[in-house]
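Enquirer: Listed here are the chains, written in short residue letters.
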Amino acid sequence: MLETKNIAYINNKPFEYENGEMILSFLRRNMGPEPVPTLCDAPNLEPFGSCRVCSVEVALDKDGSTRVQASCHTPITAGSYIYTHTDKMKRLRKNIVELVLTDYPADKFETDNPKSNELKKVAMGVGLDMAGVRYSPGENHFHRNGDSSHPYMRSHLASCINCFRCVRACDEVQGEMVLTMEGRGFDSKIVKGMGQNFMESDCVSCGACSQACPTGAISDVFESKTNDADATTRTVCTYCGVGCNLDVATKNGEIISITAPYDAEVNQGHTCLKGRYAFKFYDHHERLRSPMIRKNGNLEEVSWDEAYSFMVDKMNSVKSEFGPDAIAGISSARCTNEENYLMQKFIRAVIGTNNIDCCARVCHSPTALGMQRSFGTGAATNSVKDIKYTDCMLIIGANPTDAHPVTGAKMKQAAMKGVTMIVIDPREIELARYAEHFLQLRPGTNVALLNMMLYYIVSEGLEDKQFIETRTEGYDDFVRGIKALDIDKMEEITGVEREKVKAAAIAYATAPNAMSFHGLGVTEHSQGTFTVQQIADLAMITGNIGRPGVGVNPLRGQNNVQGAADMGAQPHQGAGYLDVTNPQINQLYIDFYKADVPMRSGWKIPEMFDAAIAGKLKVMWIIGEDVVQTDPNTNKVIKALSNLDMLVVQELFMTETAAMADVVLPGASFLEKSGTFTNGERRIQRVKAVVDPIPGAKADGQIVVDVMQRMDYDQPDYAPDTMLEEISQIVPFFKGVKWDELGDNGKQWPVPEDGSSSEIIHIEEFKRGKGKFFYHDWRESAEIVEHGDEFPYIITTNRELEHYNCGAMTRRTGNGEILTEDILLINPKDAADNGIKDGDMTCVISARGKVDIKARLTDEVKPGVMSTTFHFPEIMVNIITSDVHDSEAKCPEYKVVAVKIRKSKGEKRILAEEHGKELVGV
Amino acid sequence: MSENLSALSGRKGLENNLFERMVENAKLTGTPENPKLKALAEEYLMGDAVTYGTASFYDFMKKEHEGVKAHVCNGSACLVAGTQAKVKEKLSNFLKPEEIGYMCCLGRCHENSAFNYSETNYSGDAINHLDEILSNSNPALADNYTVDSNCERVLTDLPMTAEEYKKLFAKVLEKGRDWALEQIKDSKIRGRGGAGFPMHFKLNACRNESSSQKFIVCNADEGDPGAYSDRYLLEMQPMLVLFGIMTAGYIVGANYGAVYIRGEYPESVQVMSEAVAALDSVGMHGENINGTDFSFKFKIIEGAGAYICGEETALLSSLEGQRPEVRVRPPFPAQKGLFDKPTIVNNVETLAAVPWIVKNGGETYSKLGTEKSSGTKLVCLDSYFNKPGMYEVEMGSSFKNLVYELGGGFKEPVKAVHVGGPLGGIVPTHKIDELNVDFESFANAGFLLGHAGIVSVPEKFPMIKYLEHLFEFTADESCGKCFPCSIGSTRGKEMMEKSQNGGPKMDRELLNDLLETLEIGSLCALGGGLPLGIKNALEYFDDELKQYFK
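Sequence lines, in order, name chains A and B.
The number in the numbering used here is simply the position in the first sequence, starting from 1, with 2 added.
The number in the numbering used here is simply the position in the second sequence, starting from 1, with 36 added.
Since the hints were derived computationally from the structure, they do not count as laboratory data.
One thing to keep in mind: the hints can contain errors.
To be verified - Calculated pairs, EDC-like style, for lysine to aspartate or glutamate (alpha carbon to alpha carbon, straight line, at most 20 angstroms):
#1 A/K96 / B/E545
#2 B/K541 / A/E174
#3 B/K72 / A/E141
#4 B/K372 / A/E141
#5 A/K92 / B/E555
Stated by the list, open to error - Residues from chain B that keep clear of chain A, each with C-beta distances beyond 10 angstroms, as calculated:
#6 G160
#7 D193
#8 G327
All C-beta atoms, glycine included, are put in the ideal place defined by N, C-alpha and C.
Start from the sequences and build out the full structure, keeping to the hints where you can.
Expert: Dropping the structure here:
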């Protein structure tokens, strides 16, 4: 039997190998994780062959003459005999390590911990220490200086062994190419950039090099690789919808560093500077440590009991006087599924209203709605790992290398290697440099541009007729609209030459497998939902659905925004996306919650603000969302919140919103509680408490439960496993989800009763049966129609790598030293027209208000278009953003703001948290 | 080796070659300026560390090369000839110390005193005409060396003209790809670069790869001190080389042929470029060669001072603008080579034999030489011979005859000949009689034919110094990737040096361990090949060397 298969022998015992397998991998599978020592090998890097200590002897016949081969990069020859520990090999390894030790500082070697220092471990393994080095002292590199220029990254190259792992990690994992070797031979040394320090270089502080280094020569301020942690907890990152797994190291109950597990299916040993390094906010001195109630205009610390009593009394009285609809909640996409479920349950079952929403409203609500209309499910059709299988990536309205860095790095890796990429964006994002097709459209013209693409797919006869016929409906009406398009007009509207659009359309349609990714540049528009439907049209018309490497893949923003919506933190659908206005569903919820649940849809966030201004909404409870800083038209938000009878804000920090609250409740960070997050590829992953909540704070889920109990609802205390069990009974696609069975890498929903995971959905048929085509005409945003003449420039908002949303967490970490302020990106022509130079403060004025912001001249944006971020409360960019919303999902149009500009002296705002509520927005 | 960098560099390919542009930049001041490197990195979508790191690798691009105007050859032949101290001294009369650098080697082993000034090489008596050279009066100072043969002249016949090229290639086009490959196969020709790999294997493997793009790369980075046969072919027989490249391209379906010529041979670069222009003028270059649907373009690329670029994978990385660190294999170049596309890398001498093979038939060629080593071989003799020069001999012919008849014997007592470059074997004079000029004869006797450059070690030259030189050469030229070579060559050099200069004498066991580590542990032939000559010397010159051991 053995003869017929791929057999090779390890120390004379036969084993089966896989085709193309390298000897080292073969040895590891059959002898355990460390069959031979290695120094230059790393789990997420290509075989490199520099250290040679993994060498083995290989003979083609039993007892035949052998050759010495490095096991890491030598493929197995059928029937060969591999000898791992002959005297010759033992001698070779020892002699190589001896050479390495001749240029390794002896004092460091003495103190190195063999558990974390791979050189020391390998040296001990081959039976060598410094005393065993026979060479007399010669040339060495012990004098090389350290680099501590950067808030995070460190290097101490005296102990570098030139294994190139850091250089390869920077190239093969992150794709940044900041590290290289300088010189050659024995004197070659690692340098950053053009011989700079970390801070001066283009390093993005992803830490891949630090995690890769075997000796700590390249490290970080936390000494993540070599510190002597006493425990490690695996959990999931809080910073974006990618959902990186993190190994969080603690010592004496304190978090000391974070690394990325290599076996993580989501991030394979990689993560970004937010996930790896931006954790020190968790015990920052500004964390809220006590509940507070506003007394005589000031927030004063009170006991939990007092805060709860105050809240409950107020809610009860408002409910009895104005009815349950005078109360609303905003749940947090940064909280766990279980917490989101509880919050919506509280609002629905305890208060008795559907006035529950979450930040998905201001980001991907059009995705959920649009994809539900087209496919039946408002979530990614495929998985991020499909980037490996695709032939064409369409990136529209997303800047993944900044906002979803680990996924962005994977896309960049694929694009660099030549996978076709189409980028549609008003800004020349990093990926656009590598993309074969870059369509730099005017903000607000997505619908026009995608219609052009669809037009060319039809006119070139590139439709997948069979797919259209068997799996879709509505094609005839749709194609009638497409064929009637006036391409001359579309070209003028979008500002993109038709030939470029045509080439991109052909590339997408002719790729064997094409997948799309979209972000808020699609959704945060007045036609956001329609654009999502067009992206679905593109996938359906080309048959790019239901197999690896295809599909429609929204890049979800906040870490658990997928989960918040899944759990029912939205006013029109309850837990599991069930329609709250459907009588049968209503009965289901009534039975399940054992409470009276209303059948009318609740208010979406913008409607809540309108209702507050109108005096109809009296109480809001907002968890983990700084609506003042991040929702559009700040002055209106402030007006709405000011008009409430009671604003409850549950937060980690005194954010702009918390500073306006009547009740402030100190919640817990992701590091301090357990539960599950669902990432952008529908993957439900376990979040595990690494440390206890800081004194005075509580897990957000427990706070909600406390209030439920005080309002006489029978809800057990917060625990992720029992909560998940409850959820699995009401959310159809969570049916088979069990806390204990989620394992390290979670499961992708739908998870049926048998507990299986779903990497790809809509394989045989769509959730809604047939996929549905929709055609929509492009329409100019009301913002431009109404204000375009007076405010001739368009500003569009985006994100920077270093900061997350309102920045409440990231600004309180070393990230704040790397990127210190919001910046206005402006084309040199526009700058010149307005007398603005690089670095000048610029006053940006819209119909809503004005902000002063520092200008940076760049070709990243075309003339007429500007871009900025809203990470910093000192700027409060949302003072100027518009009040226009997506016509369908009510997602605000952050991406199209009509403005005018002038040079200004510019003074920064005074922070609300420093000067109190009355100064906000002045 | 980075797949990303290969692909990114490949986007602009050979036409707009990153490495070539770096070298061009370096020529202005001796090193490319950082802003230039940064701009190039940006243009090629790479991090600035990439171009910076690449430039720092090369002798003629690194920062220390700024302002260097003259280079003194420090190759083995000039070393044993003892001419270079005087060359440097004379140059110092005109140039500041920081304006004088080194090159290894200029291929002037037949007359020594070699140096390079302002992109021109000089040797022999030229050093005595420095004022003319420096005043730019273009003295006629080209070197002269004997070119002779005692057999069928495959490589040393009268130079081929462009018209003859055209006529012969028309025959290839007419007979077709299969026929051409068949001739190569029948000829049994093996690569002349040192490894002796049958040429048709690679051609066949590359031909079977399905790829819209393939490349032929001519390895003209002849770096072995003592060898100047490639220089001869590049400068005196350029059409033979180009013909071989184009034929290989025709066989495998490649449309580009890159000739990577070491920067130490400026004249070769010039002659080859002129030859390409001559082909262009007769319709034998570019689109539709000779009116057929076969298109082929040559690209002459000049190196920048790095011996390791003679290693084929390092050469490919160099051509891509990456640091020329040796790659792991697989993948082999025939599958994934230049810009990750199927690529044939062949040595100059191998390719130059192709015209004779297609003209006379592969089978005819196979009858030259021995059963296993067919054809002829170029052998270079250094200045210790009475008739220094370049000889074409039949494979399998008597080594003794070559040394004592063709070469006329030695001018003064010689104790050993170092054959096949720094990684070749050191043949004690008494062993010369036992050898034939072919791969097997040398290998069986514990030596290496290699590229067949011969450097004589005179009686008066201490063997320990020669061994130190070999370690030093390897330490200087090691790419720095694999631990055995990058650290081991330096430690070996130190051991040799200290043992002569009052430091500790050598521990024989430690040296043996080091040699074994280099030999079986190194990634490529640089570290792996160094021990051969050292071991030969230890075996045959123990009387002289034992005083340096404990």
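Enquirer: If a hint holds in the structure, say so; if it doesn't, say that too.
Expert: The hints, checked one at a time:
1. A/K96 / B/E545: 14 angstroms, holds
2. B/K541 / A/E174: 45 angstroms, violated
3. B/K72 / A/E141: With a Cα-Cα distance of about 33 angstroms, the restraint between B/K72 and A/E141 is violated, given a limit of 20 angstroms.
4. B/K372 / A/E141: 38 angstroms, violated
5. A/K92 / B/E555: At roughly 15 angstroms apart (the allowed maximum being 20 angstroms), B/E555 and A/K92 satisfy the hint.
6. G160: 31 angstroms, holds
7. D193: Since the minimum Cβ distance to chain A is about 40 angstroms, B/D193 lies beyond 10 angstroms and the statement holds.
8. G327: 34 angstroms, holds
Of the hints listed earlier, those the structure fails to meet are numbers 2, 3, 4, in rising order.
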